[in-house]
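*Asks:* Chain B: place on chain A using the hints.
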Amino acid sequence: MKKYEIRYGGVGGQGIITAGALLVDIAVEMENKFAIESPTYTAAVRGGPTKVDVIISDEAIDFPHAQAIDFFLCTDQKPYDIYKERLKDDAIVVVDSHLVLELGDTRHWRVYHVPIINETKVGAGNVVLTSVVSLALTQKMTNVISYENMVAHIKHWAPKGSVEMNMKAIEVGMNLIK
Amino acid sequence: MSQRKVLQGNIIIAKAALAAGCDFFAGYPITPSSEIAQYMSKEMPKMERAFIQMEDEIASLGACIGASLAGKKALTATSGPGFSLMQEHLGMAVMAEVPLVIVNVMRGGPSTGMPTKPSQADMMQARWGTHGDHPIIAVYPAFSDEIFSETVRAFNLSEKYWNPVIILLDEVLAKAHMDVEIPEPGSYEVYWEKTHEISDLNIYDRNIGENPPRIDFFHSYPIHIDSLEHDAHGWPSFDAKTVDKMQRLRMEKIFYNLEDIIKYKEYFLDDAEVLVFSFGISARAALAAVKMAREQGIKAGLFQALTVWPFPRAALQERFKKTKKVLTVELNMGQMKYEIERIAPPDVKKQTLLRANGLPFSPGEVLETIKEFVK
Numbered sequence: 000m001k002k003y004e005i006r007y008g009g010v011g012g013q014g015i016i017t018a019g020a021l022l023v024d025i026a027v028e029m030e031n032k033f034a035i036e037s038p039t040y041t042a043a044v045r046g047g048p049t050k051v052d053v054i055i056s057d058e059a060i061d062f063p064h065a066q067a068i069d070f071f072l073c074t075d076q077k078p079y080d081i082y083k084e085r086l087k088d089d090a091i092v093v094v095d096s097h098l099v100l101e102l103g104d105t106r107h108w109r110v111y112h113v114p115i116i117n118e119t120k121v122g123a124g125n126v127v128l129t130s131v132v133s134l135a136l137t138q139k140m141t142n143v144i145s146y147e148n149m150v151a152h153i154k155h156w157a158p159k160g161s162v163e164m165n166m167k168a169i170e171v172g173m174n175l176i177k
Numbered sequence: 000m001s002q003r004k005v006l007q008g009n010i011i012i013a014k015a016a017l018a019a020g021c022d023f024f025a026g027y028p029i030t031p032s033s034e035i036a037q038y039m040s041k042e043m044p045k046m047e048r049a050f051i052q053m054e055d056e057i058a059s060l061g062a063c064i065g066a067s068l069a070g071k072k073a074l075t076a077t078s079g080p081g082f083s084l085m086q087e088h089l090g091m092a093v094m095a096e097v098p099l100v101i102v103n104v105m106r107g108g109p110s111t112g113m114p115t116k117p118s119q120a121d122m123m124q125a126r127w128g129t130h131g132d133h134p135i136i137a138v139y140p141a142f143s144d145e146i147f148s149e150t151v152r153a154f155n156l157s158e159k160y161w162n163p164v165i166i167l168l169d170e171v172l173a174k175a176h177m178d179v180e181i182p183e184p185g186s187y188e189v190y191w192e193k194t195h196e197i198s199d200l201n202i203y204d205r206n207i208g209e210n211p212p213r214i215d216f217f218h219s220y221p222i223h224i225d226s227l228e229h230d231a232h233g234w235p236s237f238d239a240k241t242v243d244k245m246q247r248l249r250m251e252k253i254f255y256n257l258e259d260i261i262k263y264k265e266y267f268l269d270d271a272e273v274l275v276f277s278f279g280i281s282a283r284a285a286l287a288a289v290k291m292a293r294e295q296g297i298k299a300g301l302f303q304a305l306t307v308w309p310f311p312r313a314a315l316q317e318r319f320k321k322t323k324k325v326l327t328v329e330l331n332m333g334q335m336k337y338e339i340e341r342i343a344p345p346d347v348k349k350q351t352l353l354r355a356n357g358l359p360f361s362p363g364e365v366l367e368t369i370k371e372f373v374k
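Going down the list, the protein sequences come from chains A and B. Counting from 0, one number per residue, gives the positions in the first sequence under numbering that gives the first Met the number 0. Counting from 0, one number per residue, gives the positions in the second sequence under numbering that gives the first Met the number 0.
The following block holds chain A by itself, in its conformation from the complex (with noise of 0.2 Å):
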């Protein structure tokens, strides 16, 4: 891998914005790749359409803002219609089957149409493991980072007495695509 670039695209306050920040803290400081996470900053916070750019690399980063997209994923219709561009030839899409249903032309892409805020309610037992749910999907759809290190590092993220329901969210994101 010499550069990877991420989108995530949601709704405040689905944490999909903590994904991104997630897979940027294990790919720096675990893995001594170089990365950066640009999010969408704007005073529509909650509710609102929102996304993160994030590019790891082996190399330092010249421009921060993703330019050539290997992997999306969106948890809703709005932030869809706005952040889907800037996707290559080949891209991984992944949407919520739920929530994202008019997709547009998507030939040129591999697109998994997945329950992922469905899942992280019934799975994980609450929305806002989105985040952890998301990031485990990215780890098994990409290996951009390591299994192992994505765990390590969510054990020792996870507020106290949380690790366990962090650890139920990746499960249900591992087996979102078989």
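Here are a few chain A residues that sit away from chain B, every Cβ distance over 10 Å (derived from the structure):
#1 G103
#2 R106
#3 H107
#4 G122
#5 T141
#6 E170
#7 I176
Not the full set, but computed from the structure, chain B residues with beta-carbon under 8 Å of chain A:
#8 V5
#9 T115
#10 H176
#11 D178
#12 A284
Because the hints were derived from the structure by calculation, they are not lab data. Quick caveat: nothing in here was measured; it's all calculated off a predicted structure. We put the beta carbon where it would ideally sit given N, CA and C, even for glycine.
*Replies:* Structure of chain B alone, referenced to chain A:
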């Protein structure tokens, strides 16, 4: 090499300021700079350093002037609207020769403008925002490691030359979380030559071009500090000869030391047909663009200004002896392009890429402009 870690741009500035010895912060929170004040409010009390949230930006810089006169290394952080309010006190700091550092994380303007969008439109405000002829130093980091090193350098320059130093930063980088190497203490210079020993009270007396001494103004010396024009002792004076000398002392402490103050980075310029002049986030897009241009056989290079004021005139003019095309890339309606026009010889073709709609330039856009320009 120390382990790289992930930090937000604003936090890198705060950590660097503490590393440079900043022991006083007064500010009023404003997007997109607020994390600097937030971090300082948590960390400075633990280090027995002073943090004050003031009632506004005017008071913030006033408090910084007072603290600096009492021997502290003072910092404030703001954005365009707050920087506008600070201009009066900025002038006083210049006039009374008070070292302090101001961070301006720029956002879309004018007025309250676009609080959450990037802009590079305070370039001329940093130079000429306060009235009267005055010297100013402004630095503008673009990469994570530069955000640390330029912040430390800003403190050093302000202490060395008794002058306010402005750090400009892009909203995009202030808010991003990125890998950064925080150097070990001792591996970088921290300038601090505070003295309590002065032989006479003519504190402003020195030869033109010389650095003033850094004294603790309040250390039992009856010293007068005034925003009015003053004599060597600090007392108001409008005597033409005295005023002439004081004006020169202030201006020339900077202009006699350009080599020490001006810093820039050059990429692929030795054989370049087109020189891209840029800074901050636009320089990062330009660097990616220049690399892509090289892959396509176009001889493009980048001049990234780290010190934007004083303007890196001599270094650019050296390049213009060989490179006869210059492209200025800046996120505003055209500001630093006038500096380029002023210093580039007539046989150098000038082009610009300008925008002020809240969207940073992408490398692709810069590349297209380079290609069009070399045709």
